[in-house]
Structure formats: structure tokens, C-alpha cells
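*Asks:* So you can see what is in the structure, the chains are spelled out below.
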Amino acid sequence: MILQDGETIVAEIRKHWFVFVQRLYLPVFLAILPWIIIFGINRSPLTIPEMSEAFVWIAVFVYALWLMVLWTGVFLIWTDYYLDVWIVTPERIIDIEQRGLFSREISSIRFERVQDITTEVNGMVATMLEFGTLHVQSAGDSREIKLEGARRPSESKKILLQQLNQVMQYRGRGQVADSGDADRDSDASYRQDAV
Amino acid sequence: MMNNADFVIIQLLTPRTLSGVLAFLVLALVSVTVVMIYHWRQYGRRTRPVKIVSIVYIAGHAALIIIAGMALLKYSAVV
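Order-wise, the sequence lines are chains A and B.
Per the numbering used here, residue 1 is the first one in the first sequence, and the count goes up by one each step.
Per the numbering used here, residue 1001 is the first one in the second sequence, and the count goes up by one each step.
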């Protein structure tokens, strides 16, 4: 669907798992919140009447429902994390950005239009776990795509540079035959807001 | 022993009402699940992580539904 006929995948650049784990703090906190509240009430001077068996089962029931909602939330975060990806093909970089469940943006930059590839690693954790931000700048309209929290950004940059070099070598050899073709297939970008 | 608070809770939260709540939530989650797994398969292209995550997700929900159902049965038996 995303790839053109006959187009092959050279590499997939994804986000680091730490980016996903980092975003789990809210569901984890909400999962333990009822325990914190119960613990707080038990420690406070407020005395609550001794819980009957019925109340205990109601509490278990409500907590199970609460966890179901949070469980779904965790996997919505995973969806957002896993479906944000760069697909590298011999001709272009396809940037897929998932936003929630019903919105995704797909844009691509052809290698012949790539002007600059930058990696950015900030912080101790990012340095130790090898993740960072990848920026690719395109020529002409000065458009930029970026993938935050990309795993092994320097290796990804190497792959991109290799592809870029191959495209440049190919274009160098076939320049007479292909003159003017570079701009015909300029950057394709479209937005898809559907299921 | 039942106290006043328990009495109020039991009057409001009958097993029937709670079953309705559970059914509603399960239906809502099933619809979200269908969309989510469709996305994973469509755009994640049925890779190994997608398969593993689908199994973990469904297994987690199944376990929680069973726990909620059992708690509801126990509650029904008590009231």
C-alpha cells in the first residue's frame, strides 16, 4: 500500500524501546493509584468501617475494569510507538507517523533531493542505550522529516548515506538519459485520516 | 456483618447493574481492539512483534475479564 510496485525495503528505522517504556509512567501510576489511596486511608486517622465480603468483591471487580481500560491504554501507546517508522527503499525514505488510532501521516523524500542528514543524541540514557533524533533535510522546499528516539541513529545514518551514495553514483552514470527526471517525481506527501 | 455503607452499595450496585457495566466495557474494548489489531496487521505488516503483542494484549484482557467475572459471581453469591 505504501510501497510502489516493485519497490523493495532496504531498512526499517524504528524508535528505541526506551521511548515506549518512558511513556508507560502514566498507566503504571494509574494502576497503582488505588493501592496508594487504600494505603493512605489505612495510615490516616480516618477510620473506615471494616470491609464486608461484598465490598471486597466489588472492589476487585472495579479494579479489574480499571486495569482493562489501562491495559488498552498501554497498547494504544505501543501502537503509536511501533507504527512510527521510517522505511528506507532504494529510491526514497518513507516517513510514517502514527497519531493516535485514527490519524497517520505518510510523507517521503527521494534520495536525490536529500540535502542533509543529521543525528542528535542528548543525555546520558540516550547515549548509553544508543537512541536519538534523526533529521533529514530535503533540498528545494527545505522540508525536514525527523524521527525522535530512533534506535542507533549513527548506524541508521550510515544506511541512509550508503543509499544516498548509490543513488548519486547511479545518477552520475545515467545523467544524459535521465536529465530532468529528478524533479518529475518530487517529494510525495499525503495525509491519511482513516481507519 | 453488614453496615450502612454496605447496605447503600448493595442497593445501588446490584449484580445485574454490574453485569451491564461489564458487558458495556467489554463491548467498547472489543471495538477498540478490532481497530487496533487491524492497524497492527495492516501497517505493522504481521511481523513477529505484532504477533507477540497481539497475543499478550488479548491474553491480558481475557485474564482481566475472567477476574472481573469471578468477582461478580462471588459478589452475587454474597448479596
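Simulated from the structure, these hints should not be mistaken for lab results.
All C-beta atoms, glycine included, are put in the ideal place defined by N, C-alpha and C.
Warning: the hint list may mix true and false statements.
Here are a few chain A residues that sit away from chain B, every Cβ distance over 10 angstroms (derived from the structure) [stated by the list, open to error]:
no., residue
1, 7
2, 11
3, 15
4, 29
5, 41
6, 53
7, 54
8, 72
9, 79
10, 101
11, 169
12, 170
13, 171
Examples of chain B residues lying across from chain A (beta carbon under 7 angstroms, computed) [unchecked claim]:
no., residue
14, 1012
15, 1020
16, 1024
17, 1028
18, 1032
19, 1057
20, 1058
21, 1064
22, 1067
23, 1071
24, 1072
25, 1075
*Asks:* All hints, please: hold or fail.
*Replies:* Outcome of the hint check:
With a cut of 10 angstroms on Cβ distances, residue 7 of chain A stays outside the contact zone with chain B, its closest approach being about 14 angstroms. Look at residue 11 of chain A: its CB is around 14 angstroms from the nearest CB on chain B, clear of 10 angstroms, so calling it non-interface holds up. The non-interface label for residue 15 of chain A is consistent with chain B: the shortest C-beta to C-beta separation is roughly 12 angstroms, beyond 10 angstroms. Separation of residue 29 of chain A from chain B is adequate, the least Cβ-Cβ distance of about 18 angstroms exceeding the 10 angstroms criterion.
Listed as outside the interface, residue 41 of chain A is consistent with that label: its C-beta sits roughly 13 angstroms from the nearest C-beta of chain B, beyond the 10 angstroms cut-off. Separation of residue 53 of chain A from chain B is inadequate, the least Cβ-Cβ distance of about 5 angstroms not exceeding the 10 angstroms criterion. Distance check for residue 54 of chain A against chain B: the nearest CB is about 5 angstroms away, which does not clear 10 angstroms, and the non-interface claim fails. For residue 72 of chain A, the non-interface assignment is contradicted: its Cβ lies about 6 angstroms from the closest Cβ of chain B, within the 10 angstroms cut-off.
Interface exclusion of residue 79 of chain A from chain B breaks down, the closest Cβ pair being 6 angstroms apart, not more than 10 angstroms. Listed as a non-interface residue, residue 101 of chain A fails to keep its Cβ farther than 10 angstroms from every Cβ of chain B; the least gap is roughly 6 angstroms. In this structure residue 169 of chain A is separated from chain B by more than 10 angstroms, as the shortest Cβ-Cβ distance comes to about 30 angstroms. Every C-beta of chain B lies more than 10 angstroms from that of residue 170 of chain A, the closest at about 28 angstroms, which supports listing it as non-interface.
At roughly 30 angstroms from the closest C-beta of chain B, the C-beta of residue 171 of chain A stays outside 10 angstroms, upholding its exclusion from the interface. Restraint check, residue 1012 of chain B versus chain A: the minimum CB separation of about 10 angstroms is more than 7 angstroms; hint violated. Hint status for residue 1020 of chain B relative to chain A: violated, with the closest Cβ pair at about 12 angstroms, above 7 angstroms. Nearest Cβ of chain A to the Cβ of residue 1024 of chain B: about 10 angstroms, over the 7 angstroms cut. The hint is violated.
The closest approach between the C-beta of residue 1028 of chain B and any C-beta of chain A is roughly 9 angstroms, which is over the 7 angstroms cut-off, so the hint fails. Checking residue 1032 of chain B against chain A: minimum C-beta separation of about 6 angstroms stays under 7 angstroms; hint holds. Taking 7 angstroms as the C-beta cut-off, the interface hint given for residue 1057 of chain B holds, the closest approach to chain A being about 5 angstroms. The beta carbon of residue 1058 of chain B comes no nearer than 10 angstroms to any beta carbon in chain A, farther than 7 angstroms, and the hint placing it at the interface is violated.
With a least beta-carbon distance of about 5 angstroms to chain A, the hint placing residue 1064 of chain B at the interface is held under the 7 angstroms criterion. Using the Cβ-Cβ criterion of 7 angstroms, the hint placing residue 1067 of chain B at the interface with chain A is satisfied: the shortest such distance is roughly 5 angstroms. The interface hint given for residue 1071 of chain B is met, as the beta carbon of that residue sits about 4 angstroms from the closest beta carbon of chain A, less than 7 angstroms. Given hint, residue 1072 of chain B at the interface with chain A, holds; its Cβ is 6 angstroms from that chain's nearest Cβ, closer than 7 angstroms.
Proximity of residue 1075 of chain B to chain A holds as hinted, the smallest CB-CB distance being about 4 angstroms (cut-off 7 angstroms).
The earlier numbered hints that this structure contradicts are 6, 7, 8, 9, 10, 14, 15, 16, 17, 20.
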